[in-house]
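Q: Now for the letters of each chain:
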Amino acid sequence: MATLDMAGSVPAQPQQQWLRYLIVGGLCLAGFYSAFVLYTVDQPLFGVLLIALAVGFAIIFGTRRFYATRFIFPGLAAILIFIAFPVVYTVYLGFTNYSSFNLLTYERAIEVLQSNKTIDKSTEQPFLVAAEGDAYRIYLPDAGLISGPVSLESPESAALEPISGEPDNLLAARDAVRLRSGLQSLDLVLPDGGILKNSGLRTFAAVTPEYIRIDEDHLERTADGMILTANHETGFFVTEDGEQVPPGWRVNVGWKNYQRIFASEGVRAPMVAIFIWTVIFALLSVSLTFAVGLALATILQWPHLKGKPVYRILLILPYAVPSFISILVFKGLFNQNFGEINLILEALFGIRPEWFTNGFLARTMIVIVNVWLGYPYMMLLSMGFLQAVPEDHKKAAALEGASALRVFFTITLPQIIPPFLPLLIAAFAFNFNNLVLILLLTRGGPDIPGTVIPAGETDILGSFTYRISFMDSGQQFGLAGAITFLIFLVVGAIAYANFVAMRRVANRGKQL
Amino acid sequence: MIVENPRELLVKKIFAHGFLIVFIALIMFPFLMVVSISLREGNFTIGSLWPDNPTLEHWVLAFGFDYTRADGTVISPPYPVMLWMWNSVKIGLIAAAGVVALSTISAYAFARIRFPGRAALLDGLFLIQMFPTTLTLVALFAIFDALGEISPVIGIDSHVSLILVYLSGITMHIWTIKGYFDSVDPALDKAAQIDGATPWQTFRYIFLPLAVPIVAVVFVLVFIATINDYPVASVLIRAEENMTLAVGSRLYLNEFKYLWGDFAAAAILSGLPITVVFLIAQRYLVSGLSEGAVKG
Numbered sequence: 004m005a006t007l008d009m010a011g012s013v014p015a016q017p018q019q020q021w022l023r024y025l026i027v028g029g030l031c032l033a034g035f036y037s038a039f040v041l042y043t044v045d046q047p048l049f050g051v052l053l054i055a056l057a058v059g060f061a062i063i064f065g066t067r068r069f070y071a072t073r074f075i076f077p078g079l080a081a082i083l084i085f086i087a088f089p090v091v092y093t094v095y096l097g098f099t100n101y102s103s104f105n106l107l108t109y110e111r112a113i114e115v116l117q118s119n120k121t122i123d124k125s126t127e128q129p130f131l132v133a134a135e136g137d138a139y140r141i142y143l144p145d146a147g148l149i150s151g152p153v154s155l156e157s158p159e160s161a162a163l164e165p166i167s168g169e170p171d172n173l174l175a176a177r178d179a180v181r182l183r184s185g186l187q188s189l190d191l192v193l194p195d196g197g198i199l200k201n202s203g204l205r206t207f208a209a210v211t212p213e214y215i216r217i218d219e220d221h222l223e224r225t226a227d228g229m230i231l232t233a234n235h236e237t238g239f240f241v242t243e244d245g246e247q248v249p250p251g252w253r254v255n256v257g258w259k260n261y262q263r264i265f266a267s268e269g270v271r272a273p274m275v276a277i278f279i280w281t282v283i284f285a286l287l288s289v290s291l292t293f294a295v296g297l298a299l300a301t302i303l304q305w306p307h308l309k310g311k312p313v314y315r316i317l318l319i320l321p322y323a324v325p326s327f328i329s330i331l332v333f334k335g336l337f338n339q340n341f342g343e344i345n346l347i348l349e350a351l352f353g354i355r356p357e358w359f360t361n362g363f364l365a366r367t368m369i370v371i372v373n374v375w376l377g378y379p380y381m382m383l384l385s386m387g388f389l390q391a392v393p394e395d396h397k398k399a400a401a402l403e404g405a406s407a408l409r410v411f412f413t414i415t416l417p418q419i420i421p422p423f424l425p426l427l428i429a430a431f432a433f434n435f436n437n438l439v440l441i442l443l444l445t446r447g448g449p450d451i452p453g454t455v456i457p458a459g460e461t462d463i464l465g466s467f468t469y470r471i472s473f474m475d476s477g478q479q480f481g482l483a484g485a486i487t488f489l490i491f492l493v494v495g496a497i498a499y500a501n502f503v504a505m506r507r508v509a510n511r512g513k514q515l
Numbered sequence: 681m682i683v684e685n686p687r688e689l690l691v692k693k694i695f696a697h698g699f700l701i702v703f704i705a706l707i708m709f710p711f712l713m714v715v716s717i718s719l720r721e722g723n724f725t726i727g728s729l730w731p732d733n734p735t736l737e738h739w740v741l742a743f744g745f746d747y748t749r750a751d752g753t754v755i756s757p758p759y760p761v762m763l764w765m766w767n768s769v770k771i772g773l774i775a776a777a778g779v780v781a782l783s784t785i786s787a788y789a790f791a792r793i794r795f796p797g798r799a800a801l802l803d804g805l806f807l808i809q810m811f812p813t814t815l816t817l818v819a820l821f822a823i824f825d826a827l828g829e830i831s832p833v834i835g836i837d838s839h840v841s842l843i844l845v846y847l848s849g850i851t852m853h854i855w856t857i858k859g860y861f862d863s864v865d866p867a868l869d870k871a872a873q874i875d876g877a878t879p880w881q882t883f884r885y886i887f888l889p890l891a892v893p894i895v896a897v898v899f900v901l902v903f904i905a906t907i908n909d910y911p912v913a914s915v916l917i918r919a920e921e922n923m924t925l926a927v928g929s930r931l932y933l934n935e936f937k938y939l940w941g942d943f944a945a946a947a948i949l950s951g952l953p954i955t956v957v958f959l960i961a962q963r964y965l966v967s968g969l970s971e972g973a974v975k976g
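First to last, the sequence lines map onto chains S and V. Read in our numbering, the first sequence has 320 at position 317, and its numbers run on one by one without any break. Read in our numbering, the second sequence has 810 at position 130, and its numbers run on one by one without any break.
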């Protein structure tokens, strides 16, 4: 970077100029090559993106005209590729049937089907490999046949001819295994024209593909001559009886995922429950952490209190410990059978609450843990904002005979809420998608009974989509994409609210 | 404050200290428990809250050594904690350095270089930073699955991929650093300009040295956020030896292989250094946090 930009400074030396062109050119070539690879594996969209990136890079760093843009290009590229593009791509996936059943592209699905082979057991026979200089001959002792010399380096075929007695230089079985990849792409042609293929570690047999491609959209099943037709709406090959043959491929399904969300009772009911819980969870988390944090900050701000630094350090400890560790510690402490919390509760009150199997208790636990994790942040922020409240306002109110509580609620609180608002909204947005907490503590459980897709009482929308995509229910990426789009709408609204609140704070700052 | 009745004040003081002490005792409970658990025999908790026969078994295992019990049985460490920690620290440091570099340069451009569409871009950045990376996991998975075809280095189960994703965390920090640069006296860069400095030189020799405190804050913030990430790492990382601490630690509390004692020792061992870094940095963090957030 440094050399690139220094080279762009006004009196550019020809040598540096050269270096710049060399680096820019090299990186662009790498980009183009990568794009080509992506194209060959049927990912033209990513390829196009890479080309756009490479061209943009070349224009901005190769010419001097866009000098200013060089400073933001790296940052902007990172944001576009790893936030903006994934957001758009997620929305796009919401309109496809991308899932573990429809994981591949069309061409790859056909390749997989064609690579399915049936082995004719009656023709299966052991083989031996005879070395002959650099080449090899395959010897089939049962049939008394030997092949012509083959190199075993690329796909090839060799005719078999009768031989009496064993050939010389037979390889040991261990050495023959090393030639496996070459053997697998070898066709042996029998004198009658039949073809034998490598069918196992030590055997050759007549192997027939299960499916033969007839034309663009049709396959023939060799076992019964059934014609399979590609259905580009469902992304599966179907037989004449309407039976689907896996694996399927990715196709656009339009609004089908959204129909599932809104029309299928088994999906909609848990979705609504989860949405409501997500909002409640985020609201509770923000308001409770705010209340606890502000209360502690107010006490710590009291001039008569001694030992503040010690209290302060101890109080922010939950914020300082990596949260994934704290969450897992709580997971263990709350364990129903051998957790310390139930041990104590049983000793004191004789109860063993079911923290992980009772929905209400699980939710309570999550809120408790989240308040524990989150109040120090609010406390630290409150301490900053409290200092900005003028002392004489409070004194004046106290002189008028207002109680400490009244002073707090009528003088202090109204003054700190406006600057606090954007941070509270951001905290709400953070908790709305607080995946780490849910995934590490409960994984969404306990499950809501009677749903089509696994949904838990403590699942928030984000963890729900995580489960749909990466956990127990068949990697339904398409459905997850559709739900994520709905989350985007909510997050977008929150982001806008935050934007407005922020503007207000900024304007107020300008007026003062 | 105002004249207060000394006795009333004393009552208030006792009340305040009492409340704080009880509260802190509650807050500290998990920490004390974990220390106790890490010294306890075996991996189950049947027994007292304080270890009867303290043992260093879990600690020896956490450091990655075999432990020989009194009866001669040798226990091997269940998971490579130190390796996970190294992975986490490595990824955290590289990601933090990357984010700092990208966001400082971008922030400088947004604060000082006039170019068309600057205001709109800034607003766009602000809106886009609200969209967490964790929401786009499906897309990220699909993208890296495809990129893996070019080279496994940028595919699934690669640290490079993970770091690339973490680089997207720059949006918020561009804002934080830009707020800081905005408060730099414009006379400084005017002077540099008159002396013939290019924008790059102004950045390199004037803004970068000034930005050291805020850059340190951002570095620590990103480092901690990266180490704490679970969702992205859990999707992109598969092999046990590639795992980060956040992904790996969860394995200890598997329902079928519940290693509570081993987890406790590993948790303290890995959590302590990060906690200390945070406590040292926290004074600067707080001012950085609220300033960056409020300045628009």
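You may find that some hints are simply not true.
[What the hints assert, rightly or not] PhoX-like cross-link-like pairs, simulated, lysine-lysine; straight-line CA separation at most 20 Å:
#1 V/K937 to S/K309
#2 S/K309 to V/K692
#3 S/K120 to S/K200
#4 S/K397 to V/K692
#5 V/K692 to S/K311
#6 S/K398 to V/K692
#7 S/K200 to S/K259
[As the list claims (entries may be wrong)] Ranges of calculated distance between the beta carbons of each label pair, as one might list FRET restraints:
#8 S/H235 to V/Q881: 33 to 43 Å
#9 V/K770 to S/R511: 39 to 49 Å
#10 S/L287 to V/G876: 39 to 49 Å
#11 S/R216 to V/S831: 49 to 59 Å
What the hints contain is simulated information worked out from the structure, not anything from laboratory work. Every residue, glycine too, gets a C-beta built ideally from N, C-alpha and C.
Q: Look at each hint and say if it fits the structure.
A: Status of each hint after checking the structure:
no., hint, in the structure
1, V/K937 to S/K309, "47 Å, violated"
2, S/K309 to V/K692, "12 Å, holds"
3, S/K120 to S/K200, "10 Å, holds"
4, S/K397 to V/K692, "18 Å, holds"
5, V/K692 to S/K311, "16 Å, holds"
6, S/K398 to V/K692, "18 Å, holds"
7, S/K200 to S/K259, "44 Å, violated"
8, S/H235 to V/Q881: 33 to 43 Å, "58 Å, violated"
9, V/K770 to S/R511: 39 to 49 Å, "44 Å, holds"
10, S/L287 to V/G876: 39 to 49 Å, "59 Å, violated"
11, S/R216 to V/S831: 49 to 59 Å, "31 Å, violated"
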